[in-house]
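Between the sequences and the hints, there should be enough to build the whole structure, so can you do that?
As you go down the protein sequences, you meet chains W and P in turn.
Numbering-wise (the working numbering), the first sequence opens with residue 116 and increments by one.
Numbering-wise (the working numbering), the second sequence opens with residue 4 and increments by one.
Take the hints with a grain of salt, since some may be wrong.
Stated by the list, open to error - Quick list of the computed label-pair ranges, beta carbon to beta carbon:
no., chain 1, residue 1, chain 2, residue 2, range
1, P, THR302, W, LYS174, 54 to 64 Å
2, W, ALA252, P, VAL35, 46 to 56 Å
3, P, ARG301, W, ILE366, 57 to 67 Å
4, P, LEU152, W, ASP170, 46 to 56 Å
5, W, ASN192, P, THR302, 28 to 38 Å
6, W, LYS488, P, TYR122, 53 to 63 Å
7, P, VAL98, W, PRO353, 46 to 56 Å
8, W, GLY210, P, THR302, 51 to 61 Å
Because the hints were derived from the structure by calculation, they are not lab data.
For clarity, every value in this text was computed on a predicted model and none was experimentally measured.
Note that CB positions come from ideal geometry on N, CA and C, so glycine has one too.
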Amino acid sequence: MSKGTITRRELLAGGMTLGAASLLAACVGTTSGGTGGGGGGTSSGLITLQNSIQDADPKAALEALVKAYPGGDVTMNSVATEQFRAQLTNYLRSGDSPEVLSWYAGSVARSYAEEGLLLDVSSLWEGDGACAGYSDALRSLSSDASGQQIFVPTSYYWWSVFYKKSAFEKWGVEPPTSWDEFHALCENLSGQGIVPLTNGLSSTPWMASGWFDYLDLRINGAQYHRELLAGEHAFNDPEVVAVMEEYKRLIPYFDKNAASYTAQEAATPVAQDKSAMYLVGAFVSGYFPEDQRDDLDFFSVPVINDSVPTAEEAPTDGFFAAARSDNQQGALDLLSYLASAESQQQYIEQSKSSNLPTSPDVDTTSFSPLVQKGIELLNSTEEITQFFNRDSSDALQATADTALTKFLAQPDSMKSILDEWQTAAEGVFAS
Amino acid sequence: MSAQPSTATRRPSRFARVPLLVWVFLLVPLVVELFWVFWPAANSFSLALTRWDGIGLAEPVGLQNFRDLAADPIFLTALQNNVIWVLGFGGLSVVGGLALAVTLNKPGPMVSLYRSAIYLPMVVSLAVSGLFWRVMYAPDGPINGTLGLLGLGQLERQWLADPAVALWAVLIAAVWRQVGYIMVLYLAGLKGTDGSLEEAAAVDGANAWQRFWRIVMPQLRGVNMVVFAVTVIDSLRTFDIVWAMTRGGPYNETQLLSTYMFQQAFTTGNLGYASAIAVVIFALAIGFIITYLARQARTED
Numbered sequence: 116m117s118k119g120t121i122t123r124r125e126l127l128a129g130g131m132t133l134g135a136a137s138l139l140a141a142c143v144g145t146t147s148g149g150t151g152g153g154g155g156g157t158s159s160g161l162i163t164l165q166n167s168i169q170d171a172d173p174k175a176a177l178e179a180l181v182k183a184y185p186g187g188d189v190t191m192n193s194v195a196t197e198q199f200r201a202q203l204t205n206y207l208r209s210g211d212s213p214e215v216l217s218w219y220a221g222s223v224a225r226s227y228a229e230e231g232l233l234l235d236v237s238s239l240w241e242g243d244g245a246c247a248g249y250s251d252a253l254r255s256l257s258s259d260a261s262g263q264q265i266f267v268p269t270s271y272y273w274w275s276v277f278y279k280k281s282a283f284e285k286w287g288v289e290p291p292t293s294w295d296e297f298h299a300l301c302e303n304l305s306g307q308g309i310v311p312l313t314n315g316l317s318s319t320p321w322m323a324s325g326w327f328d329y330l331d332l333r334i335n336g337a338q339y340h341r342e343l344l345a346g347e348h349a350f351n352d353p354e355v356v357a358v359m360e361e362y363k364r365l366i367p368y369f370d371k372n373a374a375s376y377t378a379q380e381a382a383t384p385v386a387q388d389k390s391a392m393y394l395v396g397a398f399v400s401g402y403f404p405e406d407q408r409d410d411l412d413f414f415s416v417p418v419i420n421d422s423v424p425t426a427e428e429a430p431t432d433g434f435f436a437a438a439r440s441d442n443q444q445g446a447l448d449l450l451s452y453l454a455s456a457e458s459q460q461q462y463i464e465q466s467k468s469s470n471l472p473t474s475p476d477v478d479t480t481s482f483s484p485l486v487q488k489g490i491e492l493l494n495s496t497e498e499i500t501q502f503f504n505r506d507s508s509d510a511l512q513a514t515a516d517t518a519l520t521k522f523l524a525q526p527d528s529m530k531s532i533l534d535e536w537q538t539a540a541e542g543v544f545a546s
Numbered sequence: 004m005s006a007q008p009s010t011a012t013r014r015p016s017r018f019a020r021v022p023l024l025v026w027v028f029l030l031v032p033l034v035v036e037l038f039w040v041f042w043p044a045a046n047s048f049s050l051a052l053t054r055w056d057g058i059g060l061a062e063p064v065g066l067q068n069f070r071d072l073a074a075d076p077i078f079l080t081a082l083q084n085n086v087i088w089v090l091g092f093g094g095l096s097v098v099g100g101l102a103l104a105v106t107l108n109k110p111g112p113m114v115s116l117y118r119s120a121i122y123l124p125m126v127v128s129l130a131v132s133g134l135f136w137r138v139m140y141a142p143d144g145p146i147n148g149t150l151g152l153l154g155l156g157q158l159e160r161q162w163l164a165d166p167a168v169a170l171w172a173v174l175i176a177a178v179w180r181q182v183g184y185i186m187v188l189y190l191a192g193l194k195g196t197d198g199s200l201e202e203a204a205a206v207d208g209a210n211a212w213q214r215f216w217r218i219v220m221p222q223l224r225g226v227n228m229v230v231f232a233v234t235v236i237d238s239l240r241t242f243d244i245v246w247a248m249t250r251g252g253p254y255n256e257t258q259l260l261s262t263y264m265f266q267q268a269f270t271t272g273n274l275g276y277a278s279a280i281a282v283v284i285f286a287l288a289i290g291f292i293i294t295y296l297a298r299q300a301r302t303e304d
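Quick look at the structure:
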C-alpha cells in the first residue's frame, strides 16, 4: 500500500487475480493448513525471490543486486503489488514456495508468522549476523509475538509535509514551526491564490489516512494511536472527534480536485507551483521531474499538543522467508546478502529513491541532503509508527478509506460517519 | 430461429450419425471445463458457508455470511448499483446497438467505416478503456474543457469523484464500448431477415415504424435472446472498468457486487464472505437467464 498508484499492470493483475479467485477456492477448500506438497529435505540449491517492486529504477537496482549475488543463481519474479498482496498467502502456503519474498514489516508479517508460514531468521539478528547491529526499534518491529525475528528490514522512508524551496521563496513564505504558524501559512497562501495543500484520493483513498495518522499522533500521541488501530478505543470516542475537528479545519485548504487525483497526480500541481504542500511519503520525490528533485524540501507536521511525545511515520520495507521452501539455508544466505550495508548502499543509490538504509553501517554521506535530513528527522523523534494499514490491517484500512473520504466530502456528517466507521471496524476486529 | 418442422422428426437418428471423433472432441473440453471451472465454482458454494481468511482453517458458520450481507450497507449499495447497472448498461447498449445496426444496415458511402469505428472500442480491453475514460473525466480533462468552451461551466464537475454522477460516468464508458458489440450482433441478425416481407408490408401501406416493429423485430427473436443473455452476463460480471476507473469509490458509492467481492476477497481477505457475494451474483445471473429462457420457450410453443 505504500506506493500504490494505479498502473496498467496492476489493473491487468487485478483482473487476473479475480479469475484466479475460484481456482484458489478450489485449491484450499476446507483442508488443514499442514499438507504442503514436498516441503523440506531435498535442497535443490535454487533460490526464488518473489517481489512486488514495480517502479523502474528500484526494480533495476534490485535486479542488479541479485545478479551480483555470489551465492548462486537467483530467479527474480516481480509481481504487481496488488496481485502480490492477493497471492501472498498462496505463495507462502504452497509446498514449493519461493524462498524469499519482499513485503512490509509489522502487523502484516506478524499475522503470517502466527500461522507458522515464516522462517525464523533470528540467526541473522545475533552475533555477527547481517541485522545484528540494527536499531532496537527495527528489531522489535521485525519480531513475532514470541520475540523471534521473522523479518529482515532493508529500507524505510519517512512521511512529512513536502514543498518546493524555490516556490516558498517566490511566495515569500517560510516553513512553519508551530501549528498556528501552519494555519497562518495556509491562510497566506490561499490569499495569494495558491492552493495550500494537495492530496490524491481517487484510486489511492488511503492517502486520506496520512493526515488522520499525523493529527492523531500530534493530538493523542503514538501510544493512543497504536491502541486505536488495535481496536482498544472506538473511532467515535471524543479523542478521535478532536482529531476530526482539527482535520475539518484543514479541509478548506485542500485542492478541490483532490478526490479526483491519484497520489501521483497530486504531485503535479506542486511541481507546477499551483499548490504548495503535500503530506506524503518520501517516495514522492520520484513523482517530480528530475530537475526539480533537488528543489524539494520538507518539514514535519508541527506540534499541536506538546504533552505527547514527538512521533513520525516511517513505513519499513524488507524481506521475509517462507517456512515451507525447500532451500532454507539458501534463503538465509540471500537475506544476509540483501541486508548487508554494501547491498543497501548500492540499492539506495541505484534506485534513485529517497529510501533510508536500515543498517547503521551504511555510509550515508553521499546521499542527497533530502535523505540526510530524513535520517535526522527519524533519529530525533521519540516514537515511530508505520502507516495506518501497516499498524493495523488492510481490512481496517478499507474502513478508514470509506470513512475519511466520505468525511472529506461531507464534513458536516462527521458524527454519523464516525459511528459507521466504528461499526465497520468492529466487524473487522470480530472476523 | 423458428424451427423447421421437418427436422424435428428426424432428430433421434441425428445423434447416431455423429462420429465418435466428434464426441471425443466435445468430451475433452468438457472434462477440462468441469475440472477448472465447475469444480472451483462449486467450491465457492461451500466456502460461502465458512469464515476463512485464506491462511488458517475455514471455520463453518452456516448462513451467517448471508445474514451479515443483508445488514451490510456496502453490499446493499452494491446490489442497488448492480440493478441500475443491469438496466442502464443493458438498456442503453441494446437500444443504442439496435439503433446503430438499423441505421448502418443500408448500403451507403462510408458505412463500413462507421461500422468499424463503432466496433473499434471493443477491440481495446476494458481496463484500457477505463484508463482512457479516466483521462476524459479528469478535472482538467477534455470533457470539462469542452463544457467550459461551450459556456456550460456550471455543468463541470469531478465526474468520478462526485457520488451523484460517478456511477453514470462509468456506465457511459462501459456502454461506449459495448454498443459496438451489440450492433454487430444485430447487424448479423438483420442480414438474416427477409427483405421481401418488408417490401410487401410497404406495398400494403405500413409505415417505417410499423414495418420495423411488426415485420423486422419478430424475425430478430433469436438474436434478441443472444443479446439478452450476453448483456445480462456482461453486466453482472462487470468488474474491470469500474475497478480501473473508481475502484468502487468514492466511499463505496460505485461499488458493484463484483468489485465488492474482489475487495472482500483480496484486499481484506474475507474469502468466505466474498464467496457468499459470489453466490448471490450467480443466483442473480441464473435467475435472470432461466426466467428469460422459460418465457422464451413458452412463447415459441
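These are the hints, each one checked on the structure:
1. THR302/P - LYS174/W: 54 to 64 Å: Given a distance of about 59 Å, which is inside 54 to 64 Å, the answer is holds.
2. ALA252/W - VAL35/P: 46 to 56 Å: 53 Å, holds
3. ARG301/P - ILE366/W: 57 to 67 Å: 58 Å, holds
4. LEU152/P - ASP170/W: 46 to 56 Å: Cβ of LEU152/P to Cβ of ASP170/W: about 37 Å, so the range 46 to 56 Å is violated.
5. ASN192/W - THR302/P: 28 to 38 Å: Roughly 55 Å apart at Cβ, these two residues miss the hinted range, so it is violated.
6. LYS488/W - TYR122/P: 53 to 63 Å: 56 Å, holds
7. VAL98/P - PRO353/W: 46 to 56 Å: 54 Å, holds
8. GLY210/W - THR302/P: 51 to 61 Å: 55 Å, holds
Hints 4, 5 from the earlier list are contradicted by this structure; the remaining hints agree with it.
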